[in-house]
Amino acid sequence: MFTRFHLFVSLIVVVVGLGTLAGCGQVEKGKPAPGKGGSAAEAKDAEYNPHDVPITEEQKANLRKETAQFAAAVAKVKEFRNETEKETENGIPENPYKAHQALDQADLVLGWLPEIARSSGVAKEHWEEVNTTANDLRTLFEKVHQNIDNKKNPDFASVADQIDQKIAKLEGIAQAQPAPAKEG
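Under the working numbering, the first residue of the sequence shown is numbered 750, with each subsequent residue one higher.
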């Protein structure tokens with residue numbers, strides 16, 4: 750009995766030890782592990798991009814208020830489209846902060862768009878089209894965003910026509926909506 754118990758404990762120790770060894774020292778490809786040619790601070794600095802600042806919770810709350818109605822949300826997406834085009838018309842700007850912010854905020858609004866459409870009274874027959882169009886726009890904007898992140902030409906021109914067509918489709922849905930009833 751003692752031998753079985755000892756064997757069982759030994760197996761557990763070996764399995765846990767191998768699992769620990771297998772997990773140690775693994776970091777993202779291209780980033781040094783702390784103590785393995787780089788410090789934790791150096792690894793963190795390598796990840797930090799001063800131009801790609803996350804959207805704050807306060808900014809998100811303000812953006813939610815600004816885009817509470819479907820037509821306003823579509824107009825805001827169009828503003829982000831224009832800002833991105835302006836910022837990237839000559840390639841990657843020296844400080845692509847505005848482009849990053851516009852692209853990040855557009856992604857948020859487009860993610861909320863189906864919910865905004867429903868709560869704004871967009872006819873149910875348009876919900877699927879709103880959802881599909883919003884996802885298509887997110888994909889198109891993400892191509893530009895990835896190019897900026899990868900320090901390549903943003904190439905907004907390659908997606909501009911498709912983006913404009915998708916926004917026009919959303920604007921058509923917004924215009925088909927009855928005006929909100931006035932209170933008072």
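Take these hints with a grain of salt, some might be off.
Claimed, not checked - In the DSBU-like style, the derived pairs of lysine-lysine whose C-alpha atoms are separated by at most 30 Å in a straight line are:
1. Lys809 <-> Lys827
2. Lys918 <-> Lys873
3. Lys814 <-> Lys900
4. Lys901 <-> Lys809
5. Lys901 <-> Lys827
6. Lys892 <-> Lys825
7. Lys835 <-> Lys900
8. Lys814 <-> Lys835
9. Lys809 <-> Lys873
10. Lys918 <-> Lys827
Hint data in this document are derived by calculation from the structure and do not stem from the laboratory.
Tested hints:
With a CA separation close to 18 Å, the supplied pair Lys809 and Lys827 stays within the 30 Å bound. Using a Cα cut-off of 30 Å, the hinted pair Lys918 and Lys873 holds, with the two alpha carbons roughly 16 Å apart. For the hint linking Lys814 to Lys900, the alpha-carbon distance of about 33 Å lies beyond 30 Å, and the restraint is violated. For the hint linking Lys901 to Lys809, the alpha-carbon distance of about 28 Å falls within 30 Å, and the restraint holds.
For the suggested pair Lys901 and Lys827, the alpha carbons sit about 24 Å apart, so the restraint of at most 30 Å is met. Distance check on the hinted pair: Lys892 and Lys825 sit about 19 Å apart at the alpha-carbon level, within 30 Å; holds. At roughly 17 Å between alpha-carbon atoms, Lys835 and Lys900 fall within 30 Å of each other, so this suggested pair holds. Taking the CA atoms of Lys814 and Lys835, the gap is near 25 Å; set against the 30 Å cutoff, the hint holds.
Restraint check for Lys809 and Lys873: the C-alpha separation of about 26 Å stays at or below 30 Å, so the hint holds. Of the pairs offered as hints, the one joining Lys918 and Lys827 holds, with about 12 Å between alpha carbons and a cut-off of 30 Å not exceeded.
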